[in-house]
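Peer 1: The listed protein sequences derive, respectively, from chains F and A. Read in order, the letters of the first sequence are residues 11 to 566 in the numbering used here. Read in order, the letters of the second sequence are residues 11 to 566 in the numbering used here.
Incorrect hints may appear among the rest.
Same chains, same label: a pair holds when it works inside one copy or across any pair of copies.
Stated by the list, open to error - Lysine-lysine pairs mimicking DSBU-like chemistry, simulated, CA-CA at most 30 Å apart: (1) Lys380 with Lys528; (2) Lys182 with Lys141; (3) Lys292 with Lys548; (4) Lys141 with Lys404; (5) Lys161 with Lys453; (6) Lys548 with Lys283; (7) Lys187 with Lys161; (8) Lys456 with Lys187; (9) Lys141 with Lys472; (10) Lys182 with Lys418; (11) Lys418 with Lys528; (12) Lys182 with Lys472; (13) Lys418 with Lys141; (14) Lys406 with Lys547; (15) Lys547 with Lys187; (16) Lys406 with Lys548; (17) Lys528 with Lys182; (18) Lys547 with Lys528; (19) Lys474 with Lys182; (20) Lys379 with Lys528; (21) Lys547 with Lys139; (22) Lys182 with Lys406; (23) Lys404 with Lys266.
These aren't lab readings, by the way, just hints derived from the structure by calculation. Quick caveat: nothing in here was measured; it's all calculated off a predicted structure.
If you want the building blocks of each chain, they are given just below.
2 protein chains.
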Amino acid sequence: MGALTLRLPSLTSLSSAAAAAALPRYHFCRQLCAPLRSVSAAKFSVQSSTVEKEIAATPPEIEPASLLPRLQLEKDRVITPRSQDFNAWYLDIIAKAELADYGPVRGTMVIRPYGYAIWEAIQDYLNVKFKETGHSNMYFPQFIPYSFIEKEASHVEGFSPELALVTVGGGKELEEKLVVRPTSETIVNHMFTQWINSYRDLPLMINQWANVTRWEMRTKPFVRTLEFLWQEGHTAHASLEEAEEEALQMIDVYTKFAYEQAAIPVVVGRKSKVETFAGASKTYTIEAMMGDRKALQAGTSHNLGQNFSRAFGTQFMDENGERQHVWQTSWAISTRFIGGIIMTHGDDAGLMLPPNLAPIQVVVVPIWKKADEKAGVLGASSSVKETLQAAGIKVKLDDAEQRTPGWKFNFWEMKGVPLRIEIGPRDVSNGSVVVCRRDIPGKQGKVFGISMESSSLVAYVKGKLDEVQSSLLENAKSFRDSNIVDVRSYSELKEAIAQGKWARGPWSASDTEELKVKEETGATIRCFPFEQPEGAKKCLMTGNPADEVAIFAKSY
Amino acid sequence: MGALTLRLPSLTSLSSAAAAAALPRYHFCRQLCAPLRSVSAAKFSVQSSTVEKEIAATPPEIEPASLLPRLQLEKDRVITPRSQDFNAWYLDIIAKAELADYGPVRGTMVIRPYGYAIWEAIQDYLNVKFKETGHSNMYFPQFIPYSFIEKEASHVEGFSPELALVTVGGGKELEEKLVVRPTSETIVNHMFTQWINSYRDLPLMINQWANVTRWEMRTKPFVRTLEFLWQEGHTAHASLEEAEEEALQMIDVYTKFAYEQAAIPVVVGRKSKVETFAGASKTYTIEAMMGDRKALQAGTSHNLGQNFSRAFGTQFMDENGERQHVWQTSWAISTRFIGGIIMTHGDDAGLMLPPNLAPIQVVVVPIWKKADEKAGVLGASSSVKETLQAAGIKVKLDDAEQRTPGWKFNFWEMKGVPLRIEIGPRDVSNGSVVVCRRDIPGKQGKVFGISMESSSLVAYVKGKLDEVQSSLLENAKSFRDSNIVDVRSYSELKEAIAQGKWARGPWSASDTEELKVKEETGATIRCFPFEQPEGAKKCLMTGNPADEVAIFAKSY
């Protein structure tokens with residue numbers, strides 16, 4: 011029903027779809043070469059020579075006179091509206107909310123404390139889940155002999171264009187150049203081969219939190235950087251079935267994390283052969299729809315089969331005394347996920363963080379005008395802060411005197427803090443506070459007269475945080491669902507993609523045809539979703555019977 | 011009094027001290043070039059070609075016949091006694107306890123789960139302390155333009171021989187070669203320069219957990235590896251006094267950590283000019299005495315003065331509107347600390363871990379002979395495990411059936427687990443357990459008849475863990491104190507060093523004389539300890555007045 015409604019526009023604009031099809035190289039080139047970029051987007055790809063000073067750092071009101079012109083300029087510089095230029099908005103948020111900055115080397119990123127705190131929240135959650143599912147953390151060296159990378163054929167093909175190579179160490183040219191790890195399957199297998207003897211050493215299930223390097227040409231803070239932080243899980247099993255179960259278990263951990271912590275309603279599924287990880291037999295993925303409706307691959311879990319164990323001779327003695335190659339998985343989530351959070355929930359006012367991952371869940375803003383009100387308001391604000399902190403809520407009291415309450419409201423909204431508590435002289439005499447939701451703008455998100463009494467305030471705030479968390483997920487869900495179009499033909503697919511939407515349709519065509527879609531529309535198969543419609547299906551491209559629907563979309 | 015007693019031996023063995031002085035080149039060369047090394051020590055410096063299989067991984071009793079000869083060999087291979095060959099003992103422990111393994115690239119190390127769990131315990135403690143003292147975590151890129159390293163004169167002099175350089179990226183020769191960070195002062199200052207405008211941006215206090223690379227020629231697992239993990243704190247302040255206060259605060263955090271968590275009674279003090287960090291004005295250090303009485307520099311905190319801020323132009327506008335260079339600190343503790351823990355507490359039986367950092371604090375070993383005893387013993391063991399776990403104690407139940415209890419006792423002693431609980435059929439009927447301390451061998455460390463009743467068992471175990479923790483510290487303290495000799499002359503110093511001890515004596519001589527001591531004895535000034543004796547002092551070398559005593563020792 012919805013599918014039918016959504017398909018209609020494609021009929022009324024066949025001409026523009028045809029025009030788009032006539033310019034395949036242009037579309038493809040836009041995707042790969044990005045000839046046109048906004049000024050702010052371009053900054054990340056060149057060495058940052060101009061200094062970005064944020065207004066937050068130095069209050070212009072009391073700045074020495076010599077600095078005033080520069081700051082005045084910045085005061086006027088607001089965040090580009092999301093609706094106007096999504097990319098500029100994204101980069102503005104990252105700068106203004108002090109999430110990250112450009113490193114001195116092209117494409118590298120400095121993760122600033124506020125951005126890093128989101129990463130720490132991601133780590134805290136996943137680390138517990140990884141341990142609960144039987145994995146131990148460890149650490150592998152980041153320098154990998156070049157010969158290792160060459161051992162698995164499709165792996166070297168996939169990664170060799172992106173490698174950073176160390177050729178000099180301690181002042182001397184090295185005999186064998188070293189790869190700065192782009193991922194660790196090869197060195198992991200080199201070690202697993204030494205640690206695994208018999209079936210009793212299996213399953214071997216480990217994880218590492220590490221930095222990785224991929225020499226990317228087009229970079230964008232968090233989404234794609236030369237160096238990024240991630241976790242990479244690596245496991246070895248005695249059977250294909252066990253490896254498959256593990257790969258599925260971990261994509262499920264990621265899916266739950268995305269829904270429950272990040273409030274991102276990812277679509278979980280299997281990658282097409284073309285999009286499968288270099289060296290894997292199967293890749294499972296969680297795909298998130300960003301605010302501009304482009305897809306972001308937010309986490310992957312690979313069933314590696316015996317590809318690496320055969321390349322590295324990773325064998326075990328089975329229960330019958332036969333030597334067998336182990337079956338393996340690997341899975342990863344990276345700092346890219348932070349980009350996904352920004353682009354899923356943010357709005358024109360700035361960042362909007364899900365309470366479960368927010369470094370600051372509640373900001374308390376005291377408001378007073380007359381000198382004799384100050385002590386009472388600050389005292390109450392401070393005691394509210396203590397109360398919430400003692401209850402395990404991440405709370406900040408903003409009692410800076412050089413800023414107006416209005417400035418603070420805007421600032422903490424821009425920083426994405428889920429709840430704001432306002433306390434003025436009248437609230438103090440009433441023993442109550444005002445609670446404002448970041449996700450509901452203006453008066454509608456404001457509730458007056460919430461009691462300051464500890465236990466009721468804590469319960470109220472916790473409840474509100476839960477509401478915001480659910481509400482972010484629900485909003486993202488409806489946005490996602492209203493932007494996935496069911497298609498039955500290639501022309502419907504093209505129309506959906508041209509409208510910036512995701513196209514979902516039956517697919518059993520060849521790799522070549524998949525690549526043709528990419529070239530002609532800029533869209534790729536994001537996944538064959540686990541959730542499949544019932545009934546017989548015909549391939550949207552060939553009309554042949556198809557087992558599954560695939561989702562096509564443009565992506566980051 | 012103690013000093014007098016300890017000085018006596020030096021008088022009775024002047025001749026051997028003179029003999030040592032006659033061979034200065036030999037001593038110096040031993041320190042720097044290590045021409046003679048034991049077979050196990052040498053392994054770490056060459057690519058590990060032979061596979062080290064640990065007996066723990068596969069029980070020989072039920073191994074397929076084909077593997078028996080190899081495993082038999084390893085079963086016979088015990089840990090080298092500490093007293094016989096300290097270095098071989100150290101490497102054996104690392105292999106047998108599965109703390110680490112050799113990476114494929116010379117001098118690199120794989121930190122295995124049991125070793126990494128110690129690192130996680132170190133991180134958990136320090137992370138809280140860093141945040142309590144006002145620092146935020148963040149992350150800087152690891153690739154640093156080569157030109158940055160050259161900006162601070164003594165920094166480049168100190169680090170240039172140890173750099174790993176990336177010269178190729180994405181298949182192309184780079185225009186400017188990139189340094190893989192050996193430490194981050196330069197890139198930190200590059201960014202601080204962009205973030206700091208006015209005195210209101212100060213202090214800026216951050217920390218990062220990261221990997222660093224130093225192209226070391228002589229490597230040893232944990233102690234000195236090509237790549238290692240660490241935290242590096244970096245701060246910027248408005249005055250020298252504030253920077254000094256911060257540098258002292260952080261060395262104090264490290265000192266408390268060493269004493270209270272690692273049970274290592276470090277000597278805290280200031281480095282000599284010769285030993286100061288490349289680029290620092292002052293370096294504070296914690297020096298630990300290992301079981302072979304060599305010193306290990308276990309953590310450092312630097313007052314960087316304005317050295318980096320001048321090199322990078324890191325300035326702020328002070329309250330009078332004047333531009334000033336910031337005053338800075340940096341401070342670090344690394345995975346080297348794990349080597350310090352091993353070499354401080356371990357004994358002939360293996361590792362001995364301080365309860366506060368032990369990945370497993372208590373191991374429960376069920377003991378039964380007859381089939382009808384099994385269920386009762388296993389049930390009781392399992393319930394003891396649950397009880398302790400619920401109380402927040404890190405406990406492991408070793409119910410593997412293919413191992414004898416005796417084998418398990420040795421194994422978990424070797425792994426350094428502080429407490430063992432034994433539960434046999436008689437214990438089950440008595441409702442009691444046997445508790446054995448790792449640090450007191452044999453029957454003396456064994457207490458029978460400890461009630462299984464939850465609350466009393468938890469209290470007993472917690473009390474015992476505290477006792478072990480204190481006892482490790484006390485033992486290390488007496489060992490340290492009995493091996494520091496107060497010296498008044500160079501000949502007394504040489505005598506003490508020749509005996510493998512630390513020499514403490516007044517020092518106000520020149521850098522040249524300090525280097526002469528190093529060349530002639532192999533010992534360096536470890537620090538001028540904060541704890542100084544009262545009264546007038548005369549330099550042990552020159553007889554001139556001296557303000558302070560210094561501690562000389564051979565070191566790792």
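Peer 1: So, for every hint listed, does it hold in this structure?
Peer 2: Structure-based check of all given hints:
1. Lys380 with Lys528: For Lys380 and Lys528, the Cα distance exceeds 30 Å both inside one copy (64 Å) and across copies (69 Å).
2. Lys182 with Lys141: neither (42 Å within a copy, 41 Å between copies)
3. Lys292 with Lys548: within (23 Å within a copy, 74 Å between copies)
4. Lys141 with Lys404: both (25 Å within a copy, 14 Å between copies)
5. Lys161 with Lys453: neither (62 Å within a copy, 54 Å between copies)
6. Lys548 with Lys283: within (19 Å within a copy, 79 Å between copies)
7. Lys187 with Lys161: For Lys187 and Lys161, the Cα distance is within 30 Å both inside one copy (15 Å) and across copies (28 Å).
8. Lys456 with Lys187: Result: close neither inside a copy nor across copies, 61 Å intra and 55 Å inter.
9. Lys141 with Lys472: Answer is both: 27 Å inside a copy and 24 Å across each meet the 30 Å cutoff.
10. Lys182 with Lys418: neither (55 Å within a copy, 48 Å between copies)
11. Lys418 with Lys528: neither (46 Å within a copy, 60 Å between copies)
12. Lys182 with Lys472: neither (59 Å within a copy, 53 Å between copies)
13. Lys418 with Lys141: between (40 Å within a copy, 24 Å between copies)
14. Lys406 with Lys547: neither (54 Å within a copy, 53 Å between copies)
15. Lys547 with Lys187: neither (51 Å within a copy, 55 Å between copies)
16. Lys406 with Lys548: Neither: 56 Å inside a copy, 55 Å across copies.
17. Lys528 with Lys182: This pair counts as between: shortest inter-copy Cα distance 28 Å, intra-copy 45 Å.
18. Lys547 with Lys528: within (22 Å within a copy, 81 Å between copies)
19. Lys474 with Lys182: Close neither inside one copy (61 Å) nor across copies (53 Å); limit 30 Å.
20. Lys379 with Lys528: neither (60 Å within a copy, 68 Å between copies)
21. Lys547 with Lys139: neither (38 Å within a copy, 60 Å between copies)
22. Lys182 with Lys406: Neither: 52 Å inside a chain and 48 Å across chains, both beyond 30 Å.
23. Lys404 with Lys266: both (22 Å within a copy, 28 Å between copies)
Checked against the numbered hints above, the structure violates hints 1, 2, 5, 8, 10, 11, 12, 14, 15, 16, 19, 20, 21, 22; every other hint is satisfied.
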